[in-house]
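Which chain is which? The protein sequence lines are L and Z, in order.
Position one of the first sequence corresponds to residue 1 (full-length UniProt numbering), numbered consecutively onward.
Position one of the second sequence corresponds to residue 1 (full-length UniProt numbering), numbered consecutively onward.
Hints may be right or wrong, so weigh each one.
All copies of an identical chain are treated as equivalent in the list; a pair is satisfied when it fits inside any one copy or across any two copies.
[Stated by the list, open to error] Below 25 angstroms or equal to it, Euclidean Cα-Cα: the simulated BS3-like pairs (lysine-lysine) are:
#: 1; residue 1: Lys18; residue 2: Lys79
#: 2; residue 1: Lys53; residue 2: Lys100
#: 3; residue 1: Lys17; residue 2: Lys89
#: 4; residue 1: Lys94; residue 2: Lys79
#: 5; residue 1: Lys100; residue 2: Lys5
#: 6; residue 1: Lys17; residue 2: Lys38
#: 7; residue 1: Lys53; residue 2: Lys38
#: 8; residue 1: Lys73; residue 2: Lys86
#: 9; residue 1: Lys38; residue 2: Lys100
#: 10; residue 1: Lys18; residue 2: Lys53
#: 11; residue 1: Lys86; residue 2: Lys53
#: 12; residue 1: Lys5; residue 2: Lys45
#: 13; residue 1: Lys96; residue 2: Lys73
#: 14; residue 1: Lys94; residue 2: Lys18
#: 15; residue 1: Lys48; residue 2: Lys5
#: 16; residue 1: Lys5; residue 2: Lys96
Hints in this document: simulated from the structure, not taken from any laboratory.
Number of protein chains: 2
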Amino acid sequence: MKESKTTGEILREEREKKGLLLRQVAAMLDIDTAILSKIERSERKATKEQIIKLAEILDLDKDNLLIQYLSEKILNEIKDEELGSKALKVAEQKMKYISKNKSGN
Amino acid sequence: MKESKTTGEILREEREKKGLLLRQVAAMLDIDTAILSKIERSERKATKEQIIKLAEILDLDKDNLLIQYLSEKILNEIKDEELGSKALKVAEQKMKYISKNKSGN
DNA sequence: TTATATTTGACAAATAATGTCAAATCATAA
DNA sequence: TTATGATTTGACATTATTTGTCAAATATAA
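Build out the structure end to end from the sequences listed, making use of the hints.
If you want it as structure tokens, here you go:
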């Protein structure tokens with residue numbers, strides 16, 4: 001019952017569907033093959049720019065991929081924190097408050 | 001209609017309530033006064049260790065202060081992101097999934 | 001004023017993120 | 001098998017970010 005894929009898993013799946021090699025995609029990103037290998041196995045994080053390029057290369061929805069990516073960055077921030085779950089809820093509350101008071105109201 | 005205080009605002013308020021000087025609290029934290037000044041004005045982030053020490057020094061609830069602090073770290077991660085709000089929601093979903101499958105079930 | 005507290009900004013040190021490279025491992029076709 | 005190409009691993013280099021110091025500027029108040 002696997003609930004959700006990691007960004008890395010998504011990237012690997014799509015790259016393989018397209019029959020592309022790590023070497024080829026890495027070249028398009030202008031990085032070493034080793035890094036892309038690590039990104040796909042969640043051993044390293046991609047940069048935002050790399051995620052955007054990868055969405056283009058692999059025909060993935062850019063916004064969805066970015067949301068995936070950002071949510072992982074958020075979770076990474078609290079993954080070792082006992083209070084992480086509570087902090088996340090508080091962050092959402094604050095976020096709501098911020099949105100409500102955005103410029104334009 | 002100020003909804004919530006920043007960690008810095010809380011820290012300054014409590015320090016002043018106790019009649020302590022920046023210099024004094026900074027010394028207890030073993031950092032320069034300048035940094036504490038910046039932390040209280042949200043120009044710099046504290047470290048987790050500093051937050052814990054500050055809770056002790058200022059008699060604040062440690063967990064509450066840490067939750068405040070962590071939620072700010074989360075928001076900081078997405079504050080310039082258009083998709084931040086969506087990413088936050090996805091992070092919560094993933095978090096629920098993770099909790100559900102914690103060791104011990 | 002003078003004294004003390006705080007703030008500011010330039011800079012230094014420490015840490016973390018991002019990358020390269022070469023060798024090891026893996027998969028598979030000859 | 002062995003030979004080839006793909007991927008993985010780990011040591012290391014580079015760069016960016018974080019965390020800190022220091023001294024001068026500014027505020028506060030006696």
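Verification of the hints:
1. Lys18 <-> Lys79: neither (33 angstroms within a copy, 34 angstroms between copies)
2. Lys53 <-> Lys100: Neither: 32 angstroms inside a copy, 34 angstroms across copies.
3. Lys17 <-> Lys89: neither (37 angstroms within a copy, 29 angstroms between copies)
4. Lys94 <-> Lys79: Answer is both: 20 angstroms inside a copy and 11 angstroms across each meet the 25 angstroms cutoff.
5. Lys100 <-> Lys5: between (32 angstroms within a copy, 16 angstroms between copies)
6. Lys17 <-> Lys38: within (19 angstroms within a copy, 50 angstroms between copies)
7. Lys53 <-> Lys38: within (17 angstroms within a copy, 37 angstroms between copies)
8. Lys73 <-> Lys86: both (17 angstroms within a copy, 13 angstroms between copies)
9. Lys38 <-> Lys100: neither (39 angstroms within a copy, 28 angstroms between copies)
10. Lys18 <-> Lys53: within (15 angstroms within a copy, 53 angstroms between copies)
11. Lys86 <-> Lys53: Answer is between; shortest inter-copy Cα gap is 21 angstroms, intra-copy 34 angstroms.
12. Lys5 <-> Lys45: Within one copy only: 15 angstroms inside a chain, 32 angstroms across chains, cut-off 25 angstroms.
13. Lys96 <-> Lys73: both (20 angstroms within a copy, 16 angstroms between copies)
14. Lys94 <-> Lys18: So lysine 94 and lysine 18 fail the 25 angstroms test inside a copy (41 angstroms) and across (28 angstroms) alike.
15. Lys48 <-> Lys5: Within one copy only: 18 angstroms inside, 30 angstroms across.
16. Lys5 <-> Lys96: between (27 angstroms within a copy, 15 angstroms between copies)
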